[in-house]
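Letter by letter, the chains look like this.
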Amino acid sequence: MARRADEEYDYLFKVVLIGDSGVGKSNLLSRFTRNEFCLESKSTIGVEFATRTLQVEGRTVKAQIWDTAGQERYRAITSAYYRGALGALLVYDVTKPTTFENVSRWLKELRDHADSNIVIMLIGNKTDLKHLRAVATEDAQGYAEKEGLSFIETSALEATNVEKSFQTILAEIYRIISKKSLSSDEPGPASIKEGKTLVVGGSEENTKKPCCSSS
Amino acid sequence: MAKKRIDDYEPGPVPPPAPLDRFGFVKRELSYSHDGSMKERSAYEYEREERRVRKWRKMIGVGGSDWTYYVKRKPHVVKRRIRKGIPDCLRGLIWQLISGSRDLLLMNPGVYEQLVIYETSASELDIIRDISRTFPSHVFFRQRHGPGQRSLYNVLKAYSVFDREVGYVQGMGFLAGLMLLYMSEEDAFWLLVALLKGAVHAPMEGLYLVGLPLVQQYLFQFDNLAREYLPKLGEHFTQEMINPSMYASQWFITVFSYSFPFHLALRIWDVFLYEGVQIVFKVGLALLKYCHDDLIKLPFEKLIYALRNFPEDAMDPDTLLPMAYSIKVSKRLEELKQDYEKKNQKLVQSTEFNEKQQQSQERFLSSKRS
Chain D
1 MARRADEEYD
11 YLFKVVLIGD
21 SGVGKSNLLS
31 RFTRNEFCLE
41 SKSTIGVEFA
51 TRTLQVEGRT
61 VKAQIWDTAG
71 QERYRAITSA
81 YYRGALGALL
91 VYDVTKPTTF
101 ENVSRWLKEL
111 RDHADSNIVI
121 MLIGNKTDLK
131 HLRAVATEDA
141 QGYAEKEGLS
151 FIETSALEAT
161 NVEKSFQTIL
171 AEIYRIISKK
181 SLSSDEPGPA
191 SIKEGKTLVV
201 GGSEENTKKP
211 CCSSS
Chain H
1 MAKKRIDDYE
11 PGPVPPPAPL
21 DRFGFVKREL
31 SYSHDGSMKE
41 RSAYEYEREE
51 RRVRKWRKMI
61 GVGGSDWTYY
71 VKRKPHVVKR
81 RIRKGIPDCL
91 RGLIWQLISG
101 SRDLLLMNPG
111 VYEQLVIYET
121 SASELDIIRD
131 ISRTFPSHVF
141 FRQRHGPGQR
151 SLYNVLKAYS
161 VFDREVGYVQ
171 GMGFLAGLML
181 LYMSEEDAFW
191 LLVALLKGAV
201 HAPMEGLYLV
211 GLPLVQQYLF
221 QFDNLAREYL
231 PKLGEHFTQE
241 MINPSMYASQ
251 WFITVFSYSF
261 PFHLALRIWD
271 VFLYEGVQIV
281 FKVGLALLKY
291 CHDDLIKLPF
301 EKLIYALRNF
311 PEDAMDPDTL
321 LPMAYSIKVS
331 KRLEELKQDY
341 EKKNQKLVQS
351 TEFNEKQQQS
361 QERFLSSKRS
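Protein sequence lines, in the order shown, are assigned to chains D and H. The numbering of the first sequence is the UniProt record's numbering, which starts it at 1 and goes up by one. The numbering of the second sequence is the UniProt record's numbering, which starts it at 1 and goes up by one.
What the hints contain is simulated information worked out from the structure, not anything from laboratory work. From a predicted model like this one, the values you see are computed outputs, not experimental measurements. Any given hint could be a false lead.
[Said to hold, decoys possible] 27 angstroms max Cα-Cα, derived DSS-like pairs, lysine-lysine:
1) H/Lys27 - H/Lys74
2) H/Lys302 - D/Lys42
3) H/Lys84 - H/Lys74
4) D/Lys42 - H/Lys27
5) H/Lys72 - H/Lys232
6) H/Lys79 - H/Lys232
[What the hints assert, rightly or not] Quick list of the computed label-pair ranges, beta carbon to beta carbon:
7) D/Ser150 - H/Gln345: 37 to 45 angstroms
8) D/Gln55 - H/Lys232: 32 to 40 angstroms
9) H/Pro311 - D/Arg34: 15 to 23 angstroms
10) D/Leu132 - H/Leu20: 44 to 52 angstroms
11) D/Arg34 - H/Ser65: 35 to 43 angstroms
12) D/Ala171 - H/Asn243: 27 to 35 angstroms
13) D/Ala159 - H/Lys328: 46 to 54 angstroms
14) H/Arg227 - D/Leu132: 32 to 40 angstroms
[As the list claims (entries may be wrong)] Computed footprint of chain H on chain D; a stretch qualifies when at least three of its residues, placed anywhere within it, have a C-beta under 8 angstroms from a C-beta of chain H:
15) 129–141
16) 148–161
A virtual CB, placed ideally from N, CA and C, is assigned to each residue, including glycine.
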């Protein structure tokens with residue numbers, strides 16, 4: 001029984017963390033998976049990886065999160081990790097307008113490389129820096145609505161809304177998955193205990209992986 | 001001396017004194033220290049180190065004057081001694097001699113100053129953003145706007161002007177940071193040039209060019225080498241859907257300086273600068289070999305974790321490096337490079353690229369010579 005939380009899960013969801021360099025992606029990840037925040041963190045080179053198993057809508061979900069280097073040139077490596085991801089957390093820094101302006105470029109990047117039905121959540125991070133805020137909540141909210149993204153503001157430093165942001169996107173993914181499996185002849189996803197990624201079918205790019213199978 | 005953005009700020013407070021290891025990194029408890037020795041070094045070891053320094057001094061002559069002659073006459077002795085590790089007090093000098101960067105410096109007086117002071121770079125803000133995120137636990141780089149951070153900024157900015165095609169890319173800071181712990185700004189700049197432009201070995205700027213072409217090539221080569229050298233592990237990687245970009249990109253992009261124990265990174269750099277990038281492949285293969293029996297049992301997530309957090313005993317240079325030296329890769333590396341190029345048909349493109357770049361850098365070099 002002691003091993004349960006670690007080893008067993010009903011679903012495995014792959015999620016990518018993207019956004020400009022320095023917006024706090026790695027600290028969002030460490031806050032979510034280890035409840036840690038590192039003031040002296042190094043810039044991410046390539047990709048990093050972490051997981052956490054948690055309860056979502058009464059199911060045990062393992063979130064497998066890929067944290068990517070933000071600098072544009074690294075997309076040559078990181079965009080390969082969008083493939084098969086069910087969710088994307090697109091992060092900007094509320095104190096740096098350019099990181100918000102670049103959100104549309106990241107969306108294009110997802111459209112080019114990710115599965116078409118990927119769930120995207122826009123995250124405005126660093127709300128603890130109140131006196132430096134330069135992107136209004138309403139602007140980001142409005143943009144997210146226009147683009148059909150969910151939206152939340154977080155502070156990885158103060159641990160504000162970090163849990164909620166991951167919970168929300170995982171729940172949204174779960175709703176899509178469970179709808180899919182109802183309309184499919186595949187065995188129910190609840191039986192899946194092993195495997196790397198649970199892939200939502202329907203995308204032309206995933207020919208070798210049927211709907212809701214493990215890979 | 002220079003008017004730079006970063007100079008507009010007062011240096012931040014000096015961080016409170018913390019226990020440092022012998023390389024200047026803040027000691028972390030419950031984890032390996034960067035000098036890798038929990039115990040004090042014995043008197044015997046000090047004596048041995050002193051004997052080695054004397055040998056090395058004799059070999060290089062005053063200020064490196066005998067070096068070229070010695071290398072020509074006894075290349076194997078030099079290679080053997082470098083593989084045993086360059087004495088720390090001579091490292092900065094030797095690195096410049098074996099990399100060809102000293103010659104570049106002498107041939108281009110004043111160029112560095114010009115790049116730092118008079119030119120502006122489109123990458124300045126990107127560089128500033130990463131400065132405090134490069135070796136943040138090292139005493140030299142910890143202080144906000146302190147001398148370490150300023151030097152790092154200057155070197156990276158100068159390079160981003162010197163080669164605007166490459167500009168600044170994350171990861172370069174770790175190369176420059178490592179160099180700055182052993183030499184002056186200007187020396188570090190030319191060492192960066194020597195490596196990326198290929199003064200002695202093949203140029204490595206492809207690690208940072210658009211598309212990261214050399215990273216992709218190295219990962220392709222490493223993947224194939226690993227599969228040939230350790231077929232059972234290769235099979236396991238396939239089953240678990242592991243590929244080298246998940247764990248080895250940093251090895252190549254920063255030549256092991258990003259997350260490896262510092263004393264090991266230095267030993268690898270000694271050999272890297274003399275023998276070239278092959279040592280990165282060899283060390284990578286040696287790590288996989290050393291941990292083979294454990295790795296082969298692990299499922300995907302634990303496997304990734306293990307590949308990013310090798311145990312302390314695997315990171316001991318005196319175990320790992322001899323193992324690495326015994327692995328022969330040069331012939332296969334060349335063949336795999338050709339396979340890769342055939343696969344990607346990038347030959348034509350890259351030649352055009354190089355020509356264009358050369359023109360842009362000659363602007364600086366020739367203007368100073370004339």
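Status of the hints after comparison with the structure:
In summary, the hint linking lysine 27 of chain H to lysine 74 of chain H is not supported, as the alpha carbons are separated by about 40 angstroms, beyond the 27 angstroms threshold. Between the alpha carbons of lysine 302 of chain H and lysine 42 of chain D the distance comes to roughly 23 angstroms, so the proposed pair stays at or under 27 angstroms and holds. Under the criterion of a C-alpha separation no larger than 27 angstroms, the hint pairing lysine 84 of chain H with lysine 74 of chain H is consistent with the structure, at around 16 angstroms. Of the supplied pair hints, the one linking lysine 42 of chain D and lysine 27 of chain H holds, its CA atoms being roughly 17 angstroms apart against a limit of 27 angstroms.
Distance check on the hinted pair: lysine 72 of chain H and lysine 232 of chain H sit about 42 angstroms apart at the alpha-carbon level, beyond 27 angstroms; violated. Restraint check for lysine 79 of chain H and lysine 232 of chain H: the C-alpha separation of about 33 angstroms exceeds 27 angstroms, so the hint is violated. For serine 150 of chain D and glutamine 345 of chain H, the hinted distance range of 37 to 45 angstroms is satisfied, since their beta carbons lie about 42 angstroms from each other. Take glutamine 55 of chain D and lysine 232 of chain H: their Cβ atoms lie about 38 angstroms apart, and the range 32 to 40 angstroms holds.
Taking 15 to 23 angstroms as the suggested C-beta distance range, the pair proline 311 of chain H and arginine 34 of chain D conforms, at roughly 20 angstroms. In this structure the supplied range 44 to 52 angstroms is violated for leucine 132 of chain D paired with leucine 20 of chain H, their Cβ-Cβ distance being about 32 angstroms. Between arginine 34 of chain D and serine 65 of chain H the beta carbon distance is about 54 angstroms. The supplied range of 35 to 43 angstroms is therefore violated. Hint check: alanine 171 of chain D to asparagine 243 of chain H, Cβ distance near 31 angstroms, so the stated range 27 to 35 angstroms holds.
Between alanine 159 of chain D and lysine 328 of chain H the beta carbons are some 51 angstroms apart, a value that agrees with the proposed interval 46 to 54 angstroms. At roughly 50 angstroms, the beta-carbon separation of arginine 227 of chain H and leucine 132 of chain D lies outside the given 32 to 40 angstroms, and the hint is violated. Counting residues of the region 129–141 of chain D whose C-beta sits closer than 8 angstroms to any C-beta of chain H gives 0, which falls short of three, so the coverage hint is violated. With 0 residues carrying a beta carbon less than 8 angstroms from a beta carbon of chain H, the region 148–161 of chain D misses the three-residue requirement, and the given coverage is violated.
Checked against the numbered hints given earlier, this structure breaks hints 1, 5, 6, 10, 11, 14, 15 and 16; the rest are met.
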